[in-house]
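Same order as they appear, the protein sequences are chains A and B.
In case it helps, this note's numbering puts the first sequence at residues 139 to 437.
In case it helps, this note's numbering puts the second sequence at residues 219 to 620.
Do not rely on the hints blindly, as some may be mistaken.
Computed footprint of chain A on chain B; a stretch qualifies when at least three of its residues, placed anywhere within it, have a C-beta under 8 Å from a C-beta of chain A [stated by the list, open to error]:
| # | stretch |
| --- | --- |
| 1 | 288-295 |
| 2 | 420-434 |
| 3 | 444-451 |
| 4 | 485-497 |
| 5 | 585-595 |
| 6 | 598-609 |
Straight-line distance between alpha carbons at most 30 Å, and here's what the computed DSSO-like set of lysine-lysine pairs gives [said to hold, decoys possible]:
| # | chain 1 | residue 1 | chain 2 | residue 2 |
| --- | --- | --- | --- | --- |
| 7 | B | K584 | A | K214 |
| 8 | B | K571 | B | K559 |
| 9 | B | K619 | A | K402 |
| 10 | A | K214 | B | K437 |
| 11 | A | K402 | B | K361 |
| 12 | B | K392 | A | K402 |
| 13 | B | K443 | B | K392 |
Please keep in mind that the hints were generated in silico from the structure rather than gathered at the bench.
The C-beta atom is built at its ideal place from N, Cα and C for all residues, glycine as well.
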Amino acid sequence: MRILRSLTDGIGFDLILIGAAMAFLMAMAGLPLVYNVLMSFQEVDMFSLGSLIRPWAGFDNYRSVVAQPEFWLVMKNTALFVVGSIAGQFTLGFALALFFHQNFPGSATIRGLFLVSWVMPGLVVGAIWSFILAGDYGVLNALLQGVGLISEPVFWKSDPNLSLYAVIIANIWLGLAFNMLLLSVGLAAIPRDIYEAAELDGATAWQRFRTITLPMMRSTIGAVLSLGLIGTLQQFDLFPAITEGGPANTSNVSQYWAWQMSFKLYDFARGATISVMMLVLVLFAAVIYVRSTRGEVRG
Amino acid sequence: MKKLFLAMTASVIALSAQAEPVKLTIWGLDGDNGLIPTMAKEFDDANEDIVVEFRAVAFDDLVNETLKAVATGNPPDMISLDNPDFAMFSSRGAMLDITERVAASTVIKADSYYPGPWNSVMWDGKVYGVPKATNTIALFYNKDLFAKAGIANPPQTWDELLEDARKLNDPANKVYGLTWSARANEEGTFQFLPWIQMSGGGYQAVNGPGAVKALDLWKTLVTEKLGSQDVLSQGQWDSTGTFNAGNAAMAISGPWELGRMSTDAKFDWGVTLLPTETAGGARSSAMGDFNWGIFAATEHPDESFRMLEYFVSQADRLFPEFSNIPARSDIALPSTGDARKDAALAVFQEQLKYAQPRGPHPEWAKISKAIYDAMQQALTGQATSQEALDQAQATIDGILKG
Chain A
139 MRILRSLTDG IGFDLILIGA AMAFLMAMAG LPLVYNVLMS FQEVDMFSLG SLIRPWAGFD
199 NYRSVVAQPE FWLVMKNTAL FVVGSIAGQF TLGFALALFF HQNFPGSATI RGLFLVSWVM
259 PGLVVGAIWS FILAGDYGVL NALLQGVGLI SEPVFWKSDP NLSLYAVIIA NIWLGLAFNM
319 LLLSVGLAAI PRDIYEAAEL DGATAWQRFR TITLPMMRST IGAVLSLGLI GTLQQFDLFP
379 AITEGGPANT SNVSQYWAWQ MSFKLYDFAR GATISVMMLV LVLFAAVIYV RSTRGEVRG
Chain B
219 MKKLFLAMTA SVIALSAQAE PVKLTIWGLD GDNGLIPTMA KEFDDANEDI VVEFRAVAFD
279 DLVNETLKAV ATGNPPDMIS LDNPDFAMFS SRGAMLDITE RVAASTVIKA DSYYPGPWNS
339 VMWDGKVYGV PKATNTIALF YNKDLFAKAG IANPPQTWDE LLEDARKLND PANKVYGLTW
399 SARANEEGTF QFLPWIQMSG GGYQAVNGPG AVKALDLWKT LVTEKLGSQD VLSQGQWDST
459 GTFNAGNAAM AISGPWELGR MSTDAKFDWG VTLLPTETAG GARSSAMGDF NWGIFAATEH
519 PDESFRMLEY FVSQADRLFP EFSNIPARSD IALPSTGDAR KDAALAVFQE QLKYAQPRGP
579 HPEWAKISKA IYDAMQQALT GQATSQEALD QAQATIDGIL KG
């Protein structure tokens, strides 16, 4: 009787809630993840695609992925894409957040309008940027040529030295608003009287930014950066829309490569292997993030 | 009495089971008024005992959907697949071996097909399908620009092609000498493999001296800006669009462009066979379009084959109704009423005699990637043509060894 009652009120009810959440998490996220990891250690072909038990391959898939001629190029590109995108999104987003924090007339409305870029689907953004960055008839080239900055068209999508940056530029534009929004919220949460006190003590604007804004924003910045990392590693739509990873894999990154492996080359085991490798990378970054925010003192 | 009643019931059940029509399912990417739904409906209407169900699958999903269906033991009865993807299924026993049926058929005659398309339905000496339609690529040229540059005839060799591209190239008027597609996907291989084949190589041997020469030629076209650097990212459709707009004097593309070109191009144009390595040298070209196949798992192989025979029997309607070129040399294409288009079609039909399939090989997608990766590496200067093709050869050797 007591056990029964605890199901509606008490520890039993808590357990039901936890159980439901865990079951949902396991079914929706855990199983596919485990399946993916399992697949990366198996030999997969057309006829075993639907089964769970398949020939064991050990680390063969991992060895063969690393042995691919484009492996290191793709890894380098992934790192560059992540660092470049986050650096761009964060600094520009922070600058914009500070700018709109000045509360000039209409600032809230204009800040809201910036969200348009964030609301648009990646494929649409990709198609627009593909149009802007086209070589012979691109909008950006016409603009640059018009003001005399360049005399010949720049082939953003086809030049191996630029193709990755073409996608980074589009991704910065796409993620800018999101960064700005989160950072604006963080800025709004800092009590104004701290600034006033500092100002009375004669602190310059730079000193106030460095000793008040940055430390007070620490948890926000940490969250923005880690969300940025996840978002950037998830960013897929822009690649098929702008460069398709080309030319010669110079703009290929691991998430697009994994998709190519599975759904273009029909090598599902290696596709799974690449995504498991990425997962390890993200876990590593997540651990660093958690450790860096652990000792934080909250105002 | 009771026994009689039982027997009667049993026979009624048997009768109704017999009258139950056989249901065939067919997958393909044709749209609502496309070839498959149209002809499948005709076949359905003409046969009381058969019902046909068509499912349209988008091009990018076709192979993945089919893989899933085969893996779960639940494929349709019939499908139309892009020819380079066909061997992935035929080599693994997923398609029905129809060698005997075709040999006995009065409708399907193997020798009426062009050799290239027919090869793509073969695996290990057996017949696993029938070509649905075919296409290939050749060289389009702008006759007005040729006259302006004082060139009498379109180029017939690689050297002439380069020479003419230099003469026709006119950056001041935004005219490139040549446009084509060297994209990092199947389209890039579709366009480059014929050059390897013309020089005596093939997908099994991509790093011969002729292949290196061909890639060097492409590289020269890009570095001398005789073609846009965007050939690296642009597909054939966009590339030929620049030709139609008068921004390229020559274009390598296929017969699917004819309709658009006759309305868009405001100049006189013609088509010639792909230039060969040397004068009178070996010809080759790419081969596109789809193959019919029946799945080995079908419960109704006889009915499925009857449907296939019906489709094949309607081949003379392919061009007038669906703008598809039959994969057969025994069907004359009716005049389109446009002299330029007719002349172009005659050239494409000639070119089709030399068209070769990509593969057939079960891991074609990987072989293709090795080829277009090498092509792009050389064109972007990350490796010399020889280095890039050597690396592709090593990758391909690994795949062919299995």
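Hints and how they fare:
Counting residues of the stretch 288-295 of chain B whose CB lies closer than 8 Å to any CB of chain A gives 4, which reaches the minimum of 3, so the coverage claim holds. Only when three residues or more bring their CB closer than 8 Å to a CB of chain A does the claim for the stretch 420-434 of chain B stand; here the count is 0, and the claim is violated. Evaluation of the coverage hint for the stretch 444-451 of chain B: fulfilled, as 6 residues show C-beta separations to chain A shorter than 8 Å, against a requirement of three. Residues of the stretch 485-497 of chain B lying with their CB closer than 8 Å to a CB of chain A number 0, which falls below the three-residue condition for coverage.
Coverage of the stretch 585-595 of chain B by chain A holds [criterion: at least 3 residues with CB-CB distance below 8 Å; count 4]. Three residues within the 8 Å Cβ limit are the bar, and the stretch 598-609 of chain B against chain A gives 4, so the coverage statement holds. For the suggested pair K584/B and K214/A, the alpha carbons sit about 23 Å apart, so the restraint of at most 30 Å is met. At most 30 Å may separate the alpha-carbon atoms for a hinted pair to count; K571/B and K559/B meet this at roughly 19 Å.
Annotation: proposed proximity of K619/B to K402/A holds, straight-line Cα distance about 21 Å (limit 30 Å). Using a Cα cut-off of 30 Å, the hinted pair K214/A and K437/B holds, with the two alpha carbons roughly 26 Å apart. Pair hint K402/A plus K361/B does not hold up; C-alpha atoms about 39 Å apart against a cutoff of 30 Å. Proximity of K392/B to K402/A is assessed by CA-CA distance (about 36 Å); at most 30 Å being required, the pair is judged violated.
At roughly 11 Å between alpha-carbon atoms, K443/B and K392/B fall within 30 Å of each other, so this suggested pair holds.
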